[in-house]
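Q: Protein chains in written order, with my numbering: chain A, 15 to 607; chain B, 13 to 834.
In case anyone wonders, no lab produced these hints; they're calculated from the structure. Each hint should be verified, as a subset may be incorrect.
Said to hold, decoys possible - Using 20 Å as the maximum straight-line C-alpha spacing, the simulated PhoX-like pairs for lysine-lysine come out as follows:
| no. | chain 1 | residue 1 | chain 2 | residue 2 |
| --- | --- | --- | --- | --- |
| 1 | A | 115 | A | 49 |
| 2 | A | 485 | B | 275 |
| 3 | B | 790 | A | 507 |
| 4 | B | 316 | B | 746 |
| 5 | A | 20 | A | 208 |
| 6 | A | 20 | A | 38 |
To be verified - Only part of the chain B face toward chain A is listed, based on derived beta-carbon distances under 7 Å:
| no. | residue |
| --- | --- |
| 7 | 794 |
| 8 | 803 |
| 9 | 804 |
| 10 | 827 |
What the hints assert, rightly or not - Some chain B residues well away from chain A (every beta-carbon gap over 12 Å; in silico):
| no. | residue |
| --- | --- |
| 11 | 194 |
| 12 | 450 |
| 13 | 789 |
Remember, it's a predicted structure, so these values are computed and weren't measured experimentally. For each residue, glycine too, the CB sits at the ideal point set by N, CA and C.
If you want the building blocks of each chain, they are given just below.
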Amino acid sequence: MEGPYKLQKHKCRFVTILPLYSDKVPGDLFYAAEKKPDLTEFPYPLPSAPDSYTCEAVTADGIHWYGSPTGVTAYDPAAERASFRVMYFSAQRYLPDNEVKSMYADGTVIWVQCRTGVARIEMREITCEEKAKLLLAETRKAVDRRGMVTDKHLNEPRNIDSAVSYGHSDNDGCFTAAYAIGEMFHYAYCKREKGPNAPDTMNAKALAYRACEACLLLMYISGRGDGFVARTYLAPDEPLPDDGLFFEKQEDGTAVCLNTNAARERGMVGMKVKAGEPVPARLARLYRSLGYSDAGIRYKGDTSSDELTLHFLNMMYAYDLLCDEDEELRELIVTACRNLMNHIIDNGYMLLEADGKPTTWARWNPGYFAIPTGWADACLNAAELLMYLKVTMHITGEAGKWQQHYNKLIKEYHYDELPLLHLDRFTHMAYSFGNDCAEELMYGDNMLAVCAFWGLIGLEDDPVLKEKYRKALRTWDHTLLREVNPGYLYPCKLVCPDYPLDEEAVADWFYHNNVSRLEAGINMVRRDQPRRTMFGGGYETSWLMQPDELPIDRYDRNYNAYYENIQGDLQSVESCYVYTFAYWLGKYYGFID
Amino acid sequence: MANSRKIHLIGNAHLDPVWLWRRAEGQTEVLQTFRSALDRLNEYGGFVFTCSSAAYYQWVEKVDPEMFREIRNAIRDGKWVPVGGMWVQADCNIPSGESFARQLLYSQLYFDEKFGVKCKTGYHVDSFGHNAMLPQLLKQAGMNQYVFMRPSAEENPDLPLGPFWWESPDGSRVLAYHIPTGYGDHGRATLDKSLKTLESLAAQQDHGMMLFYGVGNHGGGPTKGDIEYLQSLAERDENLVFSDPDSYFDELKHTLVDLPVWKGELQHHASGCYSATSMVKAENRRAENNLYSAEVWDTLAAAKVNCEAATGALASAWEKVCFNQFHDILCGCSIAEAYEEARDFYGHAQTIAEETKTNALLRLSRGIDTWIDGVSDAVDGTVRHQSGGRDFLRPVVVFNALSHTVRVPVQVNGSSARVYDSEHMPVLFSNVRSSRSNDSHQDTLFLAEVPAFGYSTYWLGETDDGGVKAKSHIKAGRAFLENEYLRAEFDKNTGGIVRLLLKETGVDVCGGNTLAVPAVLRDDKTDTWAHGVFRFDERIGDMHLHSMELVEKSGVRAVLRMRYTYEKSYLSCDYILAEGAKTLRVKCRALWQEKFTIVKIPFTIGGKQPVFTSEIPNGFLTREPVGTEEPCQKWTDVTAQIGDEVYGIGVVNDGRYSCDCTGATLSLTVLRNVIAADHFSPRPPADFRYTDEGLAIFEYGIYPHAGTAAESEIVREALQCNVRPDVILAGYHKGEAPQRAGFLQIDQDNIAVTALKFAEDGSGSVILRLYETKGRAKTRVSVMSRLLDCGFYSDLTAHEVKTFRIEPNGRVYDVNFLEGIV
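The task is simple: from the sequences and hints, build the whole structure.
A: Rendered as structure tokens:
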């Protein structure tokens, strides 16, 4: 690398939606003279039809605002970056609805009167770090649930303060781990740059520990004592969703499988499961400090490989970045890692549920790879298992059993070769369903592949294997490079020096993330965006839009997805990790400054 | 879990509609074969018949509607399976990317309209080679599987036999099946032998295979005897199933097997086919170029003046061009008589293209305001500009159908004393010798600059008003030509180029070599296809320079004429260097009479580490410079390290398709004169017809450049060599249109448009097709057109082809070759 890319202060969208007759709305908005702009010579494609714009205004920062029945277009002729020259503002995220009636410029603020309400929009200058802090604050305020962060429901639309206290995700472990890794980099960066006792460092440290511990708790909370990892857990007073296997911990050191569809299908309703292994107090305080005891805790099982891959990466970075001064944490990590790896090895490279059968998606064994559902998964799962073993060796400082299995998997089952077949098998599978790869992909697999190869290549010393794994990672180019996502690009660049990294495009990504993760949809039916029909009939956008004009995404969604209807209900908010993970990773490793 | 190792028995009839027979016989062959296939379907319960080529079905529809209904029923019942998704089994190296799009478009729409199905399997069992971009092109028509047979295992031992993943340079993949045996096995002995081979391969590769049986070439199809024999085998062996390619691929897609991956083209089989019968190749290119222009102007004119478009007629023209792309026609290996009909088909297509284009250009030009007050007063029975001594400037409108601005010399009937552009700025011009031999004998040649998809109006005057003259950089002498970019120096003994200087860098790409002296090679050891011969390197000698003469020198251009002779033949080459040109054009006229010969024009770059790159449909391909004869399209190129930098010599052409590169020497094959339709023949005495005997007129261009071929502007240079500006003598009229306008703007230099047309569904939607030309990983292109009321962006990856459907309401869809219709 030639040195960090200097991220600049940039304009960011700050929006407030108000009722039509709010006393905060300037009266001039309603009396603004209607002036139909002449956009026939406009030099760029426009989101709305050029002759459909009905009003215009110019704010003090030189931005021209054009209102239409299909939203607002902003034109900043002085913008240095092309991505800021023409911007589109649509309902729900930026407008109450898309039918613009009038606009009024008040300094650098544009007021937009729509059919059902008013929007106050300001393009405010902000740094990327300030954005990270704002996003983090929102997550801590509205999303954090005993250290776990995925998303939260809001009682009132658009009102972050109305977040309910409960809510879980199937992938709490996975998403929280990514968030935790980001915060660990945050802490490590502050510690290195500002000193261990600087206030920013101390704040970051607290957040990193909390998130890391929330993940570790999932590795202990079942109390099974066999290394089993829970997907997530619910406090006794949280509503129980019927979306998987849940086990309620009892006073007697057991847990009972609750009556859900999944439990019925699996014949596990009422099954008593061992749960007597104590949860380490340091981790249990995440719920005990809120007044909950262990009895009544309901943890979710049927855990998938997604969770475990992120847990291993979380443990690896927690071990490297947090444990120097925390022997207790080190011990918790080493034990959890060893237990989990033993579980997987002892059970034939599978994670077993309490009924002794493998969970639905946590299978890395050769037998699974030989059946239709596992054949295409084999390429990713083989890399995952090798990564788990490498991380375990790194954390425990032991080779022995782990190395033996690593060698065995390579020698006997060619787990080092399987990842090279990813594109071939994946295409094969997609075609068998009449689709193309992009239509068939589980987009969460992108993150899993990045994390698996990140850990695996980073820890592999053998140059031949390392090169092979790098080559295997590149079989994911067809999906990873379809989007611009520094959360993928930076790890890939770290372990593959020749990995393509378009720093200007990445800068645009940072600049065009908003300061809120409110699930507010946008309008994708725009004149400048052709809808693309894919091979199997699915829809995508013809060009990749910036994050502030896309639906709110995680690292498990298709950034190119096209929706005819506005997505988002305004009643949930997502965690900040999509941004903070990439940002602090980039800062820590010197990609950005 | 054990995989299925079934042998799928594919009953088919390979039908060459033209080859060693003319088209009428081919039609009869189709009718008889289809009748036979229907009869076999009625007789044998499990029998399935597979057949490609929409053109054949259309023949049956027109000639025998009752049989057509029977076929429709058989397709509905799954007994008859259309494959290929193309108008014919085309040659797969010569047609342009747009031609492939049309092959696929018209036939898939036809199959959908007539039978309610779209072909799933691309099918070129007899075509001689397959360009590297085909996987993408097939997928653009909804097909992700492909069957082919050539080259054989002997011709290309590296190519997998049976199924494999075939990947094109853009990353598209299809599941391809390389027939290991034959496309038309028949008779017990052959069937037994093939089955043994296939069973062995199935066991080795752990998946099923396909056996293609049925009498072919001149049609015929599965015989009763063969069907009954295979039935008897199938009764004893459950691994033998009567099937079709679609079913085979469905089974294979559900088989857990790691198939090999092949990236790039599938060559070589008949290396002589890309140069034999150069007439048909030149006509193919000319038709592709003219249909492109005709559709562009037809579309823009219809949108501008609200007149009816000629979409149906143009489709009919394309169908004829598509038919002539049948591999034995376009490859120049059919009997000579068959080319009379091929010419007729081109005539049909060219007539439609020419009329459509001219009408459209006249419509557009008549909307331009060219009125001059007082011009009506001057009418005295002759044309206005010549009358009354008043010297009214005459307006000429130059149209450019390309997606980039061009600056090119334009020749207009009659001489002039001054030329202005629409802003009344002086334009570089000269009077040059016209092709006619009456009146002044002179035409006006001026340097026009015309925006993309647009026009510019120029004004020509008969008297010199003494105004400022435009400046020129042209210099020329008896043995050199020079403009602001290039200087070419010629050897007085051979006529070859001994110095080709890029003035900006001062680099001479010749490096001591002599370029472009026509070489004659012997070619008497093989047949029309050049079976078994993959390089032409038996050089007899060079053509002899008869004369070298500077025939034209003006500010617009200079022309140096070389006349060569060889035995009873001659070749004249006009080297033309125009102001502002980066390509040295060479207009050639050959009268060739030498039997069993090839003529190549060699270009040796004076550098190390040569890299050989050629255009393929919708892209380019780099091959090893090892001397094998290779297909190319509008351009081919050799680059090399000269000093610390890379430089290249690109060669563009207007209708040649074959070349080789031996080390640093790139040779364009311009003539191949061997016996027509000579297929491994002992050649009993006869008055043979030869493939390239007679007059040939062609043009090529030498484009020296810095950097790699991909980084250079060779795609644009090649397009300019092919799609020429059109000139309309506008006349005087009032109008609302400005004197200069562009109707559609594309903002990236690595994007080329291959089609601008109306959708085939009559909806009024406009289709725009473009592709990425330079191999850049990511390109965001913006497309804007006030006329079409649209403005949009799209992202393209390297070598990607995209088709947009622009609705009348301005909404745009990113569709495939089938235009969002089906």
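Q: What hints, given by number in increasing order, does this structure fail?
A: 6 and 13
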